[in-house]
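Novice: The lines below spell out each chain.
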Amino acid sequence: MTNYRRTEATTALIRAGYPVSAGATWKQIESGTDWLNAGAVVLIPGSSGNVSLSELAAGASGTWHWRTWTRSQAVQRVWVLQLVARPAEFGVSCDIVAGSAASYTVPVSDGYALASIVTYTEPLAAQSAALTDLTLTLTAHGGHVKLLSVTCYEQTRATLAASANDHGIDPTSMFPGARIYAGNYPTIIGSVTGAAKALAAADARRVGLFQWSVPTTNPAQRNGAYQVITGLAQPALAR
Amino acid sequence: MQLTTSHSGITDVHHITTTSYAWSTPTQIAIDCEDITVIDGRQGSAWDEIAVSIRGNSTTISVAAVSVFEEP
Chain F
8 MTNYRRTEAT TALIRAGYPV SAGATWKQIE SGTDWLNAGA VVLIPGSSGN
58 VSLSELAAGA SGTWHWRTWT RSQAVQRVWV LQLVARPAEF GVSCDIVAGS
108 AASYTVPVSD GYALASIVTY TEPLAAQSAA LTDLTLTLTA HGGHVKLLSV
158 TCYEQTRATL AASANDHGID PTSMFPGARI YAGNYPTIIG SVTGAAKALA
208 AADARRVGLF QWSVPTTNPA QRNGAYQVIT GLAQPALAR
Chain L
-3 MQLTTSHSGI TDVHHITTTS YAWSTPTQIA IDCEDITVID GRQGSAWDEI
47 AVSIRGNSTT ISVAAVSVFE EP
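Taken in sequence, the protein lines are chains F and L.
By this note's numbering, the letter at position 136 of the first sequence is numbered 143, and the numbering carries on one by one without gaps.
By this note's numbering, the letter at position 30 of the second sequence is numbered 26, and the numbering carries on one by one without gaps.
Bound conformation, chain F alone:
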């Protein structure tokens, strides 16, 4: 495992004819590369789908779906949900289940002015870089529950392993006096070749550009000419 921090290599020490000063150059490059690979990305930009369609009656469940291409470094997803009950409905609660994670129950306040914001962490069973169906199932208890908005991002990693999923660099390969070698990436991620390939593997996409979702039990429906379902158009800007 390798700790990371945002660093800038001391380029003044990288000059033709100078010796490699691992403490000030290669180690900085390793930390900076790990910092790039450990950063979080947004899977679902804060959005509301269609609020009028996103309400569950007491006892009802609804499942929302989003789709995106995840990153291999992620081991957790963080969901930020804004939930509200109808005015003067008291004692309302909501079960939250993201993917295959354990159910988490939260109280839900009544009326928009008291809308509850819930942060919920979904541990992932396995790391995966793949086109993925993100799901969220809510169950209302004691009254109506409306999902006002949702945001989901991958949790930033504190450490990265020298593995095919993490692309972390072996820190011992960057110590002063360490020999320079060309590892068999990604089986061995170290030295100059490892750092260069881990840098090339950095996945800093704006993963989620536009997401719109309502529960499958209450979809947008149309039988007739084109009708916009997304309300105001939403800006997107790719890298």
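Derived by calculation from the structure, the hints in this document are not laboratory data.
Take the hints with a grain of salt, since some may be wrong.
[Said to hold, decoys possible] Interface residues of chain F toward chain L, partial, derived using beta-carbon atoms under 10 angstroms:
| # | residue |
| --- | --- |
| 1 | Ala47 |
| 2 | Leu50 |
| 3 | Gly56 |
| 4 | Thr70 |
| 5 | Arg78 |
| 6 | Leu141 |
| 7 | Gly215 |
| 8 | Leu216 |
| 9 | Phe217 |
| 10 | Thr224 |
| 11 | Leu239 |
| 12 | Ala243 |
For glycine and all other residues, C-beta sits at the position ideal for the given N, C-alpha and C.
Go by the hints and put chain L onto chain F.
Specialist: Leaving out everything else, chain L in the frame of chain F:
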């Protein structure tokens, strides 16, 4: 189902034929990316805005989710 963009001028139409919920096959569209020569990154000082419309063809279409994302 039709996805349109305001600045990149895309009109991308999906014909939905399934009778139960399933993600349709993804298609690639080329929306605006950052113009690195300007401070706000927008191309032509305009946002590229995405809108989605649906219509039935003598039947009812149901849509539960739409996703636009960057591929690796």
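Novice: Each of the hints needs a verdict: does it hold here or not?
Specialist: Hints, verified against the model:
A distance limit of 10 angstroms between C-beta atoms decides the matter here; for Ala47(F) the minimum to chain L is near 15 angstroms, and the interface restraint is violated. This hint holds: Leu50(F) has a C-beta 8 angstroms from the nearest C-beta of chain L, less than the 10 angstroms allowed. Below 10 angstroms, beta-carbon pairs count as interface contacts, and Gly56(F) has one with chain L at about 8 angstroms; its hint therefore holds. Hint status for Thr70(F) relative to chain L: holds, with the closest Cβ pair at about 9 angstroms, below 10 angstroms.
Interface hint status for Arg78(F): upheld, as the beta-carbon distance to the closest one in chain L is roughly 8 angstroms, under 10 angstroms. This hint holds: Leu141(F) has a C-beta 9 angstroms from the nearest C-beta of chain L, less than the 10 angstroms allowed. Given hint, Gly215(F) at the interface with chain L, holds; its Cβ is 5 angstroms from that chain's nearest Cβ, closer than 10 angstroms. With a least beta-carbon distance of about 5 angstroms to chain L, the hint placing Leu216(F) at the interface is held under the 10 angstroms criterion.
This hint holds: Phe217(F) has a C-beta 4 angstroms from the nearest C-beta of chain L, less than the 10 angstroms allowed. Annotation: interface hint on Thr224(F) holds; nearest CB of chain L at approximately 9 angstroms, less than 10 angstroms. The criterion of a C-beta within 10 angstroms of any C-beta in chain L is met by Leu239(F), whose closest approach is roughly 8 angstroms, and the hint holds. For Ala243(F), the suggested interface contact is upheld, since its CB lies about 5 angstroms from the closest CB of chain L, less than 10 angstroms.
Hint compliance for this structure: hint 1 is the single one not met.
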